[in-house]
Amino acid sequence: MEHVRALNMIDLAFYGRRVLGKVWRSKGSQAVLDAWHDYHAHLTIPVQNRPANEGEQRDWNGRCDELFTNLLDRLAAVMSYKFERAALKGGSYSPEAHGTVALQQQAIRHLAIEVLAGNKNLPMEVKAWPVDAAVAEQQRNTQAELVQNQREMMGDFKQILERLAEHAVGPRAEALAPAEPEARINGR
Numbered sequence: 298m299e300h301v302r303a304l305n306m307i308d309l310a311f312y313g314r315r316v317l318g319k320v321w322r323s324k325g326s327q328a329v330l331d332a333w334h335d336y337h338a339h340l341t342i343p344v345q346n347r348p349a350n351e352g353e354q355r356d357w358n359g360r361c362d363e364l365f366t367n368l369l370d371r372l373a374a375v376m377s378y379k380f381e382r383a384a385l386k387g388g389s390y391s392p393e394a395h396g397t398v399a400l401q402q403q404a405i406r407h408l409a410i411e412v413l414a415g416n417k418n419l420p421m422e423v424k425a426w427p428v429d430a431a432v433a434e435q436q437r438n439t440q441a442e443l444v445q446n447q448r449e450m451m452g453d454f455k456q457i458l459e460r461l462a463e464h465a466v467g468p469r470a471e472a473l474a475p476a477e478p479e480a481r482i483n484g485r
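Numbering (the working numbering), first residue to last: 298 to 485.
None of these hints come from the bench; they were simulated from the model. Among the clues, some could well be false.
[What the hints assert, rightly or not] Within a straight-line C-alpha distance of at most 25 Å, the following computed SDA-like cross-link-like pairs (lysine to any residue) qualify:
1. 386 x 341
2. 319 x 335
3. 386 x 360
4. 386 x 361
5. 379 x 328
6. 417 x 319
[Stated by the list, open to error] Now the in silico label distances, taken between C-beta atoms and shown as ranges:
7. 384 x 314: 29 to 37 Å
8. 409 x 444: 41 to 49 Å
9. 344 x 308: 44 to 52 Å
10. 444 x 403: 54 to 62 Å
11. 437 x 398: 47 to 55 Å
12. 380 x 354: 26 to 34 Å
13. 419 x 379: 33 to 41 Å
14. 402 x 339: 17 to 25 Å
15. 299 x 403: 48 to 56 Å
16. 343 x 374: 52 to 60 Å
17. 397 x 444: 53 to 61 Å
C-beta atoms are modelled at their ideal positions from N, C-alpha and C, and glycine is treated no differently.
Could you build the full structure based on these sequences and the hints that come with them?
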């Protein structure tokens with residue numbers, strides 16, 4: 298967090314002086330501001346231009362390191378510190394993990410919004426379902442009993458219908474009784 302605060306203070310620390318409505322700053326201060334603005338612009342690229350894969354992420358991080366080293370080099374020069382550029386590059390802390398985490402969090406937020414808005418589906422695949430062998434056996438037995446009961450009921454219904462057809466009287470009995478084929482043909 299200190300790193301971010303320090304970076305955000307660069308604009309104030311190297312702003313220069315305002316004299317008669319005009320800003321005056323040294324070439325060194327302007328060089329620091331230019332390096333900071335380049336670095337800041339790279340850190341704040343729009344979502345659609347963010348690295349999409351590991352290779353792009355590596356390139357993006359490499360460019361971050363280079364811009365951060367440029368900023369440290371300009372800061373050292375304006376403060377009259379003598380550092381070799383290689384020492385700044387190798388010895389500087391580059392918050393790569395912070396950048397990676399920020400990119401991942403932004404990607405997660407973006408995808409969550411897409412899913413919640415209904416623009417993207419959440420893929421699901423069931424790999425395994427927990428099964429209790431005793432419960433599965435009980436379910437198979439219950440299903441077998443149900444099938445057996447249905448068969449018995451169908452047999453009982455058939456017997457009932459046959460008895461009803463035997464004892465039927467009146468116009469319904471004629472409708473239930475089978476007609477002779479010749480009588481139907483001759484119209485009798």
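TODO: Using the beta carbons of residue 419 and residue 379, state whether their distance is inside 33 to 41 Å or not.
DONE: violated, 56 Å
Open item on the list: Tell me if the beta carbons of residue 299 and residue 403 are separated by a distance inside 48 to 56 Å.
Closed with: With a Cβ separation near 22 Å, residue 299 and residue 403 fall outside 48 to 56 Å, so the hint is violated.
Open item on the list: Range first: 17 to 25 Å. Now tell me if the beta carbons of residue 402 and residue 339 are that far apart.
Closed with: Hint holds: Cβ distance 18 Å, inside 17 to 25 Å.
TODO: Can you let me know if the beta-carbon spacing of residue 384 and residue 314 is within 29 to 37 Å?
DONE: Given range 29 to 37 Å: holds, Cβ gap about 32 Å.
TODO: Take a look at whether the Cβ-Cβ distance between residue 344 and residue 308 falls inside 44 to 52 Å.
DONE: Because 24 Å falls outside the window, the suggested range is violated.
TODO: Note whether the CB distance of residue 444 and residue 403 lies within 54 to 62 Å or breaks it.
DONE: The hint (54 to 62 Å, Cβ to Cβ) holds, given that residue 444 and residue 403 are roughly 57 Å apart.
- [ ] Measure nothing beyond the straight line between the CA atoms of residue 386 and residue 341; if it is 25 Å or shorter, mark the hint as holding.
- [x] holds, 21 Å
Open item on the list: Next pair to validate is residue 386 with residue 360; report whether the Cα-Cα distance is within 25 Å.
Closed with: The given pair, whose Cα atoms are some 12 Å apart, holds under the 25 Å limit.
Open item on the list: Quick check on a hinted range of 41 to 49 Å for residue 409 and residue 444, using CB atoms only.
Closed with: holds, 48 Å
TODO: Decide if the proposed pair is consistent with the structure: residue 319 and residue 335, CA atoms, cutoff 25 Å inclusive.
DONE: holds, 24 Å
Open item on the list: I want to verify a distance hint. Is the separation of the beta carbons of residue 380 and residue 354 within 26 to 34 Å?
Closed with: holds, 28 Å
Open item on the list: Taking the Cβ atom of residue 343 and the Cβ atom of residue 374, is their distance within the range 52 to 60 Å?
Closed with: violated, 32 Å
When the structure is compared with the earlier hints, violations turn up for hints 6, 9, 13, 15, 16 and for no others.
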